[in-house]
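The listed protein sequences correspond, in order, to chains A and B. Mapping of the first sequence onto this note's numbering: position 305 corresponds to residue 695, and the numbering continues sequentially without gaps. Mapping of the second sequence onto this note's numbering: position 256 corresponds to residue 646, and the numbering continues sequentially without gaps.
Incorrect hints may appear among the rest.
Identical copies look the same in the list; a pair holds intra-copy or inter-copy alike.
[To be verified] With a Cα cut of at most 27 angstroms, we get these calculated BS3-like pairs of lysine-lysine:
id	residue 1	residue 2
1	460	687
2	447	460
3	583	553
In case anyone wonders, no lab produced these hints; they're calculated from the structure.
2 protein chains.
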Amino acid sequence: MWLPNAPRRVRINEVSVRDGFQIEPEFVPTEQKIALIDRLSETGLARIEITSFVSPKAIPNLRDAGAVAKGIRRQRDVVYTALVPNARGCERALECDLDEINLVMSASETHNLANMRMTCDQSLEQFRGVMQLAQSAELAVSGCVATAFGCPFEGEIAPERVKWAAGRYLDLGMDSITLADTTGMADPRQVSKLVEAFLRWFPGVPLTLHFHNTRGMGLANVLAGLAAGVDSFDASLGGLGGCPFAPGATGNICTEDLVHMLESSGIDTGVDLDRLLGAARELPALVGHDISGQVVKAGKTTELHPVPEWVGAR
Amino acid sequence: MWLPNAPRRVRINEVSVRDGFQIEPEFVPTEQKIALIDRLSETGLARIEITSFVSPKAIPNLRDAGAVAKGIRRQRDVVYTALVPNARGCERALECDLDEINLVMSASETHNLANMRMTCDQSLEQFRGVMQLAQSAELAVSGCVATAFGCPFEGEIAPERVKWAAGRYLDLGMDSITLADTTGMADPRQVSKLVEAFLRWFPGVPLTLHFHNTRGMGLANVLAGLAAGVDSFDASLGGLGGCPFAPGATGNICTEDLVHMLESSGIDTGVDLDRLLGAARELPALVGHDISGQVVKAGKTTELHPVPEWVGAR
Numbered sequence: 391m392w393l394p395n396a397p398r399r400v401r402i403n404e405v406s407v408r409d410g411f412q413i414e415p416e417f418v419p420t421e422q423k424i425a426l427i428d429r430l431s432e433t434g435l436a437r438i439e440i441t442s443f444v445s446p447k448a449i450p451n452l453r454d455a456g457a458v459a460k461g462i463r464r465q466r467d468v469v470y471t472a473l474v475p476n477a478r479g480c481e482r483a484l485e486c487d488l489d490e491i492n493l494v495m496s497a498s499e500t501h502n503l504a505n506m507r508m509t510c511d512q513s514l515e516q517f518r519g520v521m522q523l524a525q526s527a528e529l530a531v532s533g534c535v536a537t538a539f540g541c542p543f544e545g546e547i548a549p550e551r552v553k554w555a556a557g558r559y560l561d562l563g564m565d566s567i568t569l570a571d572t573t574g575m576a577d578p579r580q581v582s583k584l585v586e587a588f589l590r591w592f593p594g595v596p597l598t599l600h601f602h603n604t605r606g607m608g609l610a611n612v613l614a615g616l617a618a619g620v621d622s623f624d625a626s627l628g629g630l631g632g633c634p635f636a637p638g639a640t641g642n643i644c645t646e647d648l649v650h651m652l653e654s655s656g657i658d659t660g661v662d663l664d665r666l667l668g669a670a671r672e673l674p675a676l677v678g679h680d681i682s683g684q685v686v687k688a689g690k691t692t693e694l695h696p697v698p699e700w701v702g703a704r
Numbered sequence: 391m392w393l394p395n396a397p398r399r400v401r402i403n404e405v406s407v408r409d410g411f412q413i414e415p416e417f418v419p420t421e422q423k424i425a426l427i428d429r430l431s432e433t434g435l436a437r438i439e440i441t442s443f444v445s446p447k448a449i450p451n452l453r454d455a456g457a458v459a460k461g462i463r464r465q466r467d468v469v470y471t472a473l474v475p476n477a478r479g480c481e482r483a484l485e486c487d488l489d490e491i492n493l494v495m496s497a498s499e500t501h502n503l504a505n506m507r508m509t510c511d512q513s514l515e516q517f518r519g520v521m522q523l524a525q526s527a528e529l530a531v532s533g534c535v536a537t538a539f540g541c542p543f544e545g546e547i548a549p550e551r552v553k554w555a556a557g558r559y560l561d562l563g564m565d566s567i568t569l570a571d572t573t574g575m576a577d578p579r580q581v582s583k584l585v586e587a588f589l590r591w592f593p594g595v596p597l598t599l600h601f602h603n604t605r606g607m608g609l610a611n612v613l614a615g616l617a618a619g620v621d622s623f624d625a626s627l628g629g630l631g632g633c634p635f636a637p638g639a640t641g642n643i644c645t646e647d648l649v650h651m652l653e654s655s656g657i658d659t660g661v662d663l664d665r666l667l668g669a670a671r672e673l674p675a676l677v678g679h680d681i682s683g684q685v686v687k688a689g690k691t692t693e694l695h696p697v698p699e700w701v702g703a704r
């Protein structure tokens with residue numbers, strides 16, 4: 391039987407504008423970010439991570455976080471979220487009336503040191519301050535466990551370490567958890583096992599999976615997540631994003647390819663694929679390079695081709 | 391539980407030299423084809439489709455079929471197979487002492503007309519002649535049902551049509567069946583359903599699945615096939631291959647990415663991934679363009695990166 395535990399409906403969290411644009415070689419102008427978010431807001435996506443309230447020095451590409459957050463046209467059914475690294479970022483986010491903020495720490499101590507320049511304990515201490523601000527403002531908080539499926543420095547990450555990180559998040563009062571395969575190291579069996587363990591450890595806690603297609607396994611990992619019952623996935627328009635360790639490799643899983651696969655397989659995403667493809671088609675002009683999405687190039691499976699004339703003439 | 395019906399060991403049939411090279415813009419010189427096959431023969435692949443005994447006018451890139459078949463160094467554990475379109479092709483193949491030949495007809499009447507320039511009944515009539523020759527020579531024959539998961543002209547293909555085609559193959563005495571997603575239209579649910587139906591219709595008949603990654607779903611479709619119990623897959627080094635309807639899209643599923651996913655997930659392929667990656671790394675120089683394989687670019691998940699010095703110095 392076809393994935394007996396798979397959900398009938400999946401929520402998709404679009405991350406291109408944050409996770410993708412942050413590593414683009416060129417700054418994407420604020421008004422173009424806003425235009426893209428507004429366009430994505432009309433596709434039926436459940437959630438859009440619109441920016442990161444990080445230091446402009448750390449990530450110059452997202453130095454316009456406040457202007458983006460204030461400039462977009464909100465749609466009622468879309469959850470607008472943003473990454474927040476610390477209390478200062480949370481204060482900036484609170485000025486923008488978001489629906490949710492997203493906090494990130496790596497399961498790998500080494501990756502957290504390299505990426506965040508602090509230990510995991512220091513990250514959690516910062517989060518404590520963020521949570522006080524967020525809870526006073528009744529702002530929903532999602533906690534992302536980065537490198538949950540492997541670390542490019544440490545290698546395998548023990549599931550117990552992921553349990554520890556997610557447990558600390560929940561102790562701090564976070565509302566939902568994302569397990570992120572930050573550098574595309576997850577394989578389908580691992581996804582299956584870690585998700586099953588997570589659901590045992592934290593029954594009822596909303597779980598999102600964040601995959602990269604770095605080694606071509608992104609959508610297979612989604613299938614493994616679906617089979618284990620997960621109904622929420624991060625994805626990035628055109629497959630934008632990536633990691634500095636894999637130049638030339640593909641980045642985040644591609645939103646339009648994900649929607650195409652899910653809808654073809656009878657799983658409802660609520661997304662208007664044609665509108666999404668329309669937005670994806672304009673991405674290469676926006677970012678100045680080709681994108682890794684496949685459906686944009688090949689067309690949907692339902693788009694048929696004319697029968698060659700000489701065949702019809704037989 | 392992780393894919394309860396999945397096999398522990400999978401056989402991989404390498405098709406780059408036939409399915410890939412046949413549509414390359416440039417002819418790959420005979421000695422380079424032979425060198426690549428010899429190299430692939432030492433990786434542990436179960437089967438290699440080395441060429442097609444088709445008319446040199448129809449596919450000039452494979453005009454050296456006999457020279458390739460006679461020039462390679464056979465390894466005992468590898469099954470060497472070749473595509474044969476008709477009795478004339480079978481006669482040529484028989485001169486080369488192959489282990490198996492492969493016959494192809496589309497489930498779609500329109501696609502068969504466009505691709506083979508004959509009706510399905512005409513294809514089957516030709517196969518009758520081929521089978522007489524093959525059976526006299528005690529040569530194994532595999533039958534491939536092309537467009538089994540969808541036709542670019544007709545769209546959906548009724549499962550009953552696939553059953554009809556495979557049934558006719560078996561009536562003719564073929565030993566095994568390949569269901570091919572010729573233009574990358576399959577989705578995971580469809581794979582699951584069609585494979586389950588096939589196993590009910592034809593219990594005990596060896597089944598291979600042939601997928602393309604045209605719309606990014608290739609390895610997810612493999613996972614769906616594995617979940618249904620399939621243990622044999624076609625794949626193409628570097629993801630070579632493709633179809634003329636999707637310029638710019640990726641082609642066949644990529645052998646090294648497939649092996650990487652399966653081995654990471656604890657499924658034995660018998661393939662030495664490092665040797666395979668070594669061969670894949672030389673493909674761009676051989677064919678004169680970039681290839682779609684990801685693991686070649688990103689490295690295996692087990693290849694770690696040095697910790698930044700300033701992290702270690704903390």
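Handout entry: 27 angstroms Cα threshold - placement of residue 460 relative to residue 447
Key = Only inside one copy: residue 447 and residue 460 sit 21 angstroms apart there, 64 angstroms across copies, limit 27 angstroms.
Practice task
Please work out whether the CA atoms of residue 460 and residue 687 approach to 27 angstroms or closer within one copy, between two copies, in both situations, or in neither?
Solution key: neither (34 angstroms within a copy, 39 angstroms between copies)
Exercise for the section: Give the relationship of residue 583 and residue 553 under a CA distance limit of 27 angstroms: within one copy only, between copies only, both, or neither. Expected result: within (13 angstroms within a copy, 36 angstroms between copies)
Of the numbered hints stated above, the single one contradicted by the structure is hint 1.
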